[in-house]
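Chemist: For the record, in the sequence shown the residue sitting at position 367 is 367 according to UniProt numbering, with numbers rising by one throughout.
Do not take every clue at face value.
Stated by the list, open to error - With a Cα cut of at most 27 Å, we get these calculated BS3-like pairs of lysine-lysine:
hint, residue 1, residue 2
1, 435, 347
2, 197, 165
3, 439, 477
4, 359, 618
5, 215, 594
6, 498, 517
7, 618, 594
8, 164, 215
9, 215, 198
10, 434, 336
11, 198, 165
12, 595, 215
13, 347, 336
14, 497, 517
15, 359, 336
16, 498, 595
17, 347, 434
18, 347, 618
19, 497, 594
20, 497, 477
21, 517, 477
For the record, the hints were derived by calculation from the structure and aren't laboratory data.
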Amino acid sequence: MDQQDYFQPLARRPDDQNMNEASNDSDTDMGASASASASSAAMRPGNIFASPTAHSRKQGRMSRSSAPRPIITPTSPLSSTIPHNTLPSAPASPPTPAPSPTPTQRVPDWSTAAEHEDSQIKNTRALFSDMNRPERLRLLGELLNLCDSHELSFVAEFVSPRLKKDPFMVLPTELCFRILECVDDPTTLARASQVSKKWRELVNDDTAWRLLCQKFSYRGLSREERSEEDDPGDEEEESSRSQWLQPSRPSRSEDTAAKEQLDGAGLGAAGEGLRTQSLDRTSKRKELFQRSKATTYRSHFKQRYQVETAWRQGGHCDARQITPEQGVVTSLHLTKKYIVVALDNAKIHVFDTEGYHQKTLQGHVMGVWAMVPWGDLLVSGGCDRDVRVWNLATGYPQFTLRGHTSTVRCLKMSDAHTAISGSRDTTLRIWDLKKGLCKHVLIGHQASVRCLEIHGDIVVSGSYDTTAKIWSISEGKCLRTLTGHFSQIYAIAFDGKKIATGSLDTSVRIWDPTDGKCLAVLQGHTSLVGQLQMREDILVTGGSDGSVRVWSLADYQPIHRLAAHDNSVTSLQFDNTRIVSGGSDGRVKVWDLKKGTLVRELSTPAEAVWRVVFEEEKAVIMAARGGRTIMEVWSFAPPEDDFEDFRSSSPMSMPDHSSDDLYSHPPTRPVSALPSAASAPALQQVSNANPTSDNDTPMPDVGMPA
1 MDQQDYFQPL ARRPDDQNMN EASNDSDTDM GASASASASS AAMRPGNIFA
51 SPTAHSRKQG RMSRSSAPRP IITPTSPLSS TIPHNTLPSA PASPPTPAPS
101 PTPTQRVPDW STAAEHEDSQ IKNTRALFSD MNRPERLRLL GELLNLCDSH
151 ELSFVAEFVS PRLKKDPFMV LPTELCFRIL ECVDDPTTLA RASQVSKKWR
201 ELVNDDTAWR LLCQKFSYRG LSREERSEED DPGDEEEESS RSQWLQPSRP
251 SRSEDTAAKE QLDGAGLGAA GEGLRTQSLD RTSKRKELFQ RSKATTYRSH
301 FKQRYQVETA WRQGGHCDAR QITPEQGVVT SLHLTKKYIV VALDNAKIHV
351 FDTEGYHQKT LQGHVMGVWA MVPWGDLLVS GGCDRDVRVW NLATGYPQFT
401 LRGHTSTVRC LKMSDAHTAI SGSRDTTLRI WDLKKGLCKH VLIGHQASVR
451 CLEIHGDIVV SGSYDTTAKI WSISEGKCLR TLTGHFSQIY AIAFDGKKIA
501 TGSLDTSVRI WDPTDGKCLA VLQGHTSLVG QLQMREDILV TGGSDGSVRV
551 WSLADYQPIH RLAAHDNSVT SLQFDNTRIV SGGSDGRVKV WDLKKGTLVR
601 ELSTPAEAVW RVVFEEEKAV IMAARGGRTI MEVWSFAPPE DDFEDFRSSS
651 PMSMPDHSSD DLYSHPPTRP VSALPSAASA PALQQVSNAN PTSDNDTPMP
701 DVGMPA
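With the sequences and hints as input, model every part of the structure.
Modeler: Right, here's the structure in full:
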């Protein structure tokens with residue numbers, strides 16, 4: 001059948017009389033449209049199918065097809081005459097998604113092209129370039145209408161990447177930063193940094209990571225930790241932010257670990273001479289490394305994220321016996337350079353922050369019941385009624401301050417040259433540590449001074465006479481007396497705005513230091529409240545009933561009630577994220593401050609836990625285990641392998657893997673330093689009898705010295 005017979009009207013073809021009327025009309029219209037298009041294409045000068053072989057292939061292909069297809073173009077009149085639901089649709093996508101196109105996939109391969117195809121392609125490009133937009137659309141429509149499914153898939157793969165736009169390449173940089181600020185998932189940011197160089201440049205900016213640190217309640221970077229290229233305007237912005245960026249010291253009388261974190265200027269290097277050369281070099285390398293490991297909020301967030309993960313389910317523990325003789329730990333402090341432990345056997349042991357023993361301070365003749373470090377200075381007091389000033393670098397005493405007539409029960413320092421002591425002789429004394437003299441004697445209490453707290457020029461003391469007093473350090477006189485408790489005061493907290501006192505009458509009272517009025521009475525404990533810490537608008541209390549309670553100082557309502565221990569809470573500390581409590585039941589527990597849930601239990605149960613202190617990456621536990629006094633040093637610092645890329649701009653430096661892998665490798669300490677799984681059975685419960693001969697009100701709870 002020749003081409004003219006193929007396009008004959010269907011009425012003249014007797015063999016097609018059985019076809020339905022609708023098909024006849026449709027085929028006639030399509031045939032006529034194809035004939036017209038072919039005729040116009042043949043008459044056009046510079047026809048793109050000028051090749052004889054191509055023309056013959058075109059005729060043979062058209063003669064073999066069952067019916068010509070209509071040419072659908074964006075401007076084709078068929079689109080307006082044929083109903084929308086009957087228009088031909090695009091071929092279905094492949095069942096398996098194709099990989100992301102690459103530049104090599106977008107370039108057609110002409111390696112198998114015939115010799116004459118090169119000139120034809122040149123002519124086609126020249127012809128297409130001379131066309132206007134409607135002509136180009138019609139030509140593209142004709143070409144696409146001649147393609148099969150495989151060819152259309154190639155076109156789709158070729159065209160689709162060219163139609164996509166990267167929003168971060170189009171939008172202004174400021175708007176891109178605002179978009180990234182809305183991302184509160186670190187894994188999402190880490191993966192976004194791997195998209196392209198532009199994305200990595202935007203994600204590595206500190207803007208999003210600073211807000212992410214705030215959302216996760218991580219502390220802000222100090223000025224020393226900032227890199228030199230940081231924007232100076234950030235400091236002004238940070239100074240106006242909330243107090244989560246500023247470290248604060250705890251108010252508990254036995255704990256000044258956070259205060260030592262603020263005292264960076266007072267730390268000297270005089271004590272390095274007593275250490276071995278290997279420890280000296282290691283310490284210096286670590287100090288230099290600590291200063292440079294987190295210089296941007298991105299690296300700071302990564303470090304904090306890994307530390308928080310280790311607190312939840314990791315950490316390295318070094319356990320060791322600190323003294324062959326048995327003794328009750330009366331005070332424990334963790335500073336940037338030292339771990340200082342005081343015992344009721346008159347000895348003070350000094351360790352480095354890794355738990356290695358440096359020296360033993362001997363001079364007291366009876367138990368040491370209070371001490372406070374300040375840089376390389378240590379002030380201690382005990383049952384021998386003396387206040388001693390030590391140089392931690394040399395291990396020698398500087399002064400022996402005498403004046404108290406009974407046991408020195410509490411000690412605090414207001415600055416590097418002033419110390420305040422409280423005694424069972426009912427007085428407080430203010431000492432000049434430069435001259436080794438007593439500046440003021442504060443008289444007013446009628447019974448033993450049990451606790452005190454300092455803020456600025458104000459010291460607040462709590463006594464067994466059921467009162468608390470506010471004193472001026474510079475003037476050496478009593479400003480106000482706080483009355484309201486019905487029994488002895490054992491704990492006190494003061495942040496400059498409010499005063500909290502815990503008493504044997506089971507209540508906690510909140511006072512206004514400006515006028516001495518009682519703002520609230522917090523009820524809930526069923527026994528002595530011996531542990532207090534205040535931080536911003538949060539107060540955490542621990543009692544001899546074994547419970548830990550979290551209070552809001554904004555409305556004086558309880559936030560969490562934690563059944564923490566089976567016996568007295570002997571140690572308590574919290575920060576922006578967690579609460580760490582130790583009890584006479586021999587357990588140390590970590591709690592989530594916001595949720596009020598148990599995060600984990602540190603270490604294995606002991607006979608008794610005397611003291612627990614912690615800072616961001618370290619915790620120290622003093623406990624009685626197997627009749628021995630054991631010190632456990634827990635480190636939650638990121639693995640050293642990850643330190644090197646803290647300053648790296650590589651998008652892979654932010655991990656998105658499970659945190660279990662970060663701390664799955666064994667610690668680097670020798671095996672002998674690790675706690676034994678088969679520890680000796682408990683011989684007997686450590687006695688908490690008062691070793692002094694001074695008469696005083698006995699402590700009713702087990703595990704806390706009177």
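Chemist: Now look at each hint and say whether the structure bears it out.
Modeler: Results for each hint:
{"no.": "1", "hint": "435 <-> 347", "verdict": "holds, 25 Å"}
{"no.": "2", "hint": "197 <-> 165", "verdict": "holds, 15 Å"}
{"no.": "3", "hint": "439 <-> 477", "verdict": "holds, 12 Å"}
{"no.": "4", "hint": "359 <-> 618", "verdict": "holds, 21 Å"}
{"no.": "5", "hint": "215 <-> 594", "verdict": "holds, 13 Å"}
{"no.": "6", "hint": "498 <-> 517", "verdict": "holds, 10 Å"}
{"no.": "7", "hint": "618 <-> 594", "verdict": "holds, 21 Å"}
{"no.": "8", "hint": "164 <-> 215", "verdict": "violated, 33 Å"}
{"no.": "9", "hint": "215 <-> 198", "verdict": "holds, 25 Å"}
{"no.": "10", "hint": "434 <-> 336", "verdict": "holds, 23 Å"}
{"no.": "11", "hint": "198 <-> 165", "verdict": "holds, 13 Å"}
{"no.": "12", "hint": "595 <-> 215", "verdict": "holds, 15 Å"}
{"no.": "13", "hint": "347 <-> 336", "verdict": "holds, 22 Å"}
{"no.": "14", "hint": "497 <-> 517", "verdict": "holds, 12 Å"}
{"no.": "15", "hint": "359 <-> 336", "verdict": "holds, 17 Å"}
{"no.": "16", "hint": "498 <-> 595", "verdict": "holds, 25 Å"}
{"no.": "17", "hint": "347 <-> 434", "verdict": "holds, 24 Å"}
{"no.": "18", "hint": "347 <-> 618", "verdict": "holds, 24 Å"}
{"no.": "19", "hint": "497 <-> 594", "verdict": "holds, 23 Å"}
{"no.": "20", "hint": "497 <-> 477", "verdict": "holds, 20 Å"}
{"no.": "21", "hint": "517 <-> 477", "verdict": "holds, 19 Å"}
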